[in-house]
Amino acid sequence: MKALIESIVASLVDYPEEIVINKTEEESKVVYHLTVHPDDVGKVIGKNGRIAKAIRTVVYAAKTEGNKRIYLDIM
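In my numbering, the protein residues as written are 15 to 89.
Treat the hints with caution; some may be incorrect.
What the hints assert, rightly or not - Simulated restraints on C-beta separations:
1) D28 to A68: 18 to 26 Å
2) E40 to K61: 30 to 38 Å
3) N81 to V55: 25 to 33 Å
What the hints assert, rightly or not - In silico BS3-like links for lysine-lysine, alpha-carbon gap of 30 Å or less:
4) K67 to K77
5) K67 to K43
6) K16 to K61
7) K77 to K57
8) K16 to K82
9) K57 to K67
10) K37 to K82
If you're looking for bench data, these hints aren't it; they were derived computationally from the structure.
For glycine and all other residues, C-beta sits at the position ideal for the given N, C-alpha and C.
Can you build the whole structure from these sequences, using the hints too?
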């Protein structure tokens, strides 16, 4: 899942080497924390959050963690 998120975000940002994805697992959910260069935050979020919503939709659709809920937080 990290590779999927990284490949999507890398195509959007100017500083792909500064993409950091941390995974936190809990009992009923998996949370991915995405951190990018400060200049790239707007590119990842998009106008009115459209790009962030689209990334989350793809991540939710590709879920492989069984019955755990997946969340993507953009830091």
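Status of the hints after comparison with the structure:
Against the hinted window of 18 to 26 Å, the Cβ-Cβ separation of D28 and A68 comes to about 19 Å, which satisfies the hint. The hint said 30 to 38 Å for the Cβ distance between E40 and K61, and at roughly 32 Å that hint holds. Under the hint 25 to 33 Å, the C-beta atoms of N81 and V55, about 32 Å apart, fit the expected range. For the suggested pair K67 and K77, the alpha carbons sit about 15 Å apart, so the restraint of at most 30 Å is met.
Note on K67 and K43: the hinted pairing holds, with a Cα-Cα distance of about 18 Å set against a maximum of 30 Å. Proximity of K16 to K61 is assessed by CA-CA distance (about 24 Å); at most 30 Å being required, the pair is judged to hold. Distance hint between K77 and K57 is fulfilled; the C-alpha atoms sit about 24 Å from each other, no more than 30 Å. Proposed proximity of K16 and K82 is supported: the alpha carbons are some 16 Å apart, at most 30 Å.
At most 30 Å may separate the alpha-carbon atoms for a hinted pair to count; K57 and K67 meet this at roughly 12 Å. Using a Cα cut-off of 30 Å, the hinted pair K37 and K82 holds, with the two alpha carbons roughly 13 Å apart.
Consistency with the previously given hints is maintained throughout, with no hint failing.
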